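Asker: Here are the chains, one letter per residue:
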Amino acid sequence: MLGEIVPVSENVHFIGAFDPKIRTFDIIMKTANGSSYNSYLVRGSKGVCVMDTVKKEFSDTFFRRLELLCEYDEILYIVLHHLEPDHSGALIELMQKAPKAKLIISGRAVMMLKGLIKTDIDFEVANTGKIISLGDKTIEFLSTPFLHWPDTMSSYLHEEKILFSGDVFGSHYYDERLFDDEVGDFSYAFKYYYDHIMRPFKQYVLQALKLYEKFEIEIIAPLHGPVLRSNPQFYIQEYSRWSSEAKFRKHAFNHKMISIFYMSSYDNTHKMAEKITEGADSIDGIVASMYDLASLEESNMIDLLEESDAVIVGSPTINGDAVKPAWDLLSCMAYLESNGKVGASFGSFGWTGEAPEMLHDRMRWLNFRLPVEPMKIKLIPTEEELYKCYLFGSEIAEISMGKMVEMEI
Amino acid sequence: MAVVYLKDDNIKVSVSNGKTIRQIAQRVGASMEFGCRVGDCATCVATVKEGMQYLSPKNEKEIKALEMLDGDTTNLRLMCQCSVQSGEGEIIISYSF
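Going down the list, the protein sequences come from chains R and H.
With the first sequence counted from 1, adding 401 to any position gets you my numbering.
At position 56 of the second sequence the residue is numbered 47 (my numbering), and the sequence of numbers has no breaks.
It is worth saying that the hints were derived from the structure and are not from the lab.
Since we're looking at a predicted model, the values are computed, not measured.
Glycine included, each C-beta is placed from N, C-alpha and C at the ideal position.
Check each hint, because a few of them may be wrong.
Stretch-level coverage of chain H by chain R, calculated; a stretch enters the list once three of its residues show a Cβ under 8 Å from a Cβ in chain R [stated by the list, open to error]:
#1 40 to 52
#2 64 to 78
From chain R, some residues computed to sit far from chain H (all C-beta separations above 10 Å) [stated by the list, open to error]:
#3 Asp427
#4 Arg465
#5 Met512
#6 Asp668
#7 Asn701
#8 Pro726
#9 Gly741
#10 Phe769
#11 Lys777
#12 Glu807
Short, incomplete list of chain H residues facing chain R, as computed with Cβ under 7 Å [stated by the list, open to error]:
#13 Val(-6)
#14 Ile2
#15 Lys3
#16 Val4
#17 Asn8
#18 Asp61
#19 Glu81
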């Protein structure tokens, strides 16, 4: 067990708080092992810098640890790498106690700070390359946005080779032994955190890793979970691999992949799906596949969506709505990047027929490219209508392969 | 009508004046990414490859948001803020990494 004073390196201490009881984080994440709100204190010859704070309910622990290490008038800087309330909860109280301290945030954090604090406070903006000095200690900032909010940034303490990575490399894993070489096996929590928090922002993860490359990193100090000191490169490589590996098929066969997801009550939407698949698959360079949503697990949906260059969703209309599995499928996009994927929707209907349009609208908000209008067919498709489905599939496939779309609005 | 070429989606759109690039992109289903949609977060920053002169001048919000980005921002615009201003000409926009 840790004492109150927790050194991370010679001049850096952990001043965060543990939350062993939390079981659901941010509504969407299960936290079987609890979590921690990590905060750090860096001491230099001329003063002190506080790296992030904690969730408000845990302020007492934070201030108790901090007071054991410094006087408030020694604090020259407070850095917030990320403004989410679990890291900014003690900010106002800290600024009141340390009036000399200068707050440092990213440019994108400015409007968020106003939204959170609801009052004017002084701050300084840090972009990549900004440096602050604590006398014999130098901290350099890196702009690493969208990991996982627009405001996120990282910093590097040169003299002790520590990367303060924000939420990047975090885990929801409570263990008071704190360091990765001393805590229990947290690998599931590390991957789970990546999958739920960082996976939708893979391109930004890769950009951040590129910025980190210029530093020799001996310790990674994230905002949640274990401090990574045994082999930081291992964790960096894991992030790199997970962020680069997405398109299995693309790497393996150099194909573009179109997935047609459907559900069918009376086989009509199924018949449409078959023709759309046939049409899409007829285009060189495309592999099109059909998936019945009636028996697809969520984890499979996520992987298939991620690998697909185009996603075509089919649903009959039941009581004026698309069927629940179709909505469940699209809700999986919360874990993924959608930019660049082509989307389309279709369905047979008997009475009102809203489902394809509703799915189309949903996909618009999910940032799919939607170059073709939804395809609707009243009840049983005729041969002629099935041919239209074939053309619908081949058109989407051609657009996925790079055909230019021209429109007038 | 001006033509907006959304390069990364390979979509060419003929548009009338006054529409923001966000309105155009969302109307045609381009894969451009948007955040706050009011010019604060700079999520929708994109490069204007050609035709900057056919877009509205940068407003105060846009200038402020672009200031917080690293590097040269000369050809960058916020897609939720800039709008098509000229009846003729081609605007080429790129928004991938």
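Asker: Hint by hint, say whether it matches the structure.
Answerer: Here is how each hint holds up against the structure:
no. : hint     : result
1   : 40 to 52 : violated (count 0)
2   : 64 to 78 : violated (count 0)
3   : Asp427   : holds (18 Å)
4   : Arg465   : holds (35 Å)
5   : Met512   : violated (4 Å)
6   : Asp668   : holds (30 Å)
7   : Asn701   : holds (24 Å)
8   : Pro726   : holds (23 Å)
9   : Gly741   : violated (5 Å)
10  : Phe769   : violated (7 Å)
11  : Lys777   : holds (18 Å)
12  : Glu807   : violated (5 Å)
13  : Val(-6)  : violated (9 Å)
14  : Ile2     : holds (5 Å)
15  : Lys3     : holds (5 Å)
16  : Val4     : holds (5 Å)
17  : Asn8     : violated (12 Å)
18  : Asp61    : holds (5 Å)
19  : Glu81    : violated (13 Å)
The structure does not agree with the numbered hints 1, 2, 5, 9, 10, 12, 13, 17 and 19 stated previously, though it agrees with the rest.
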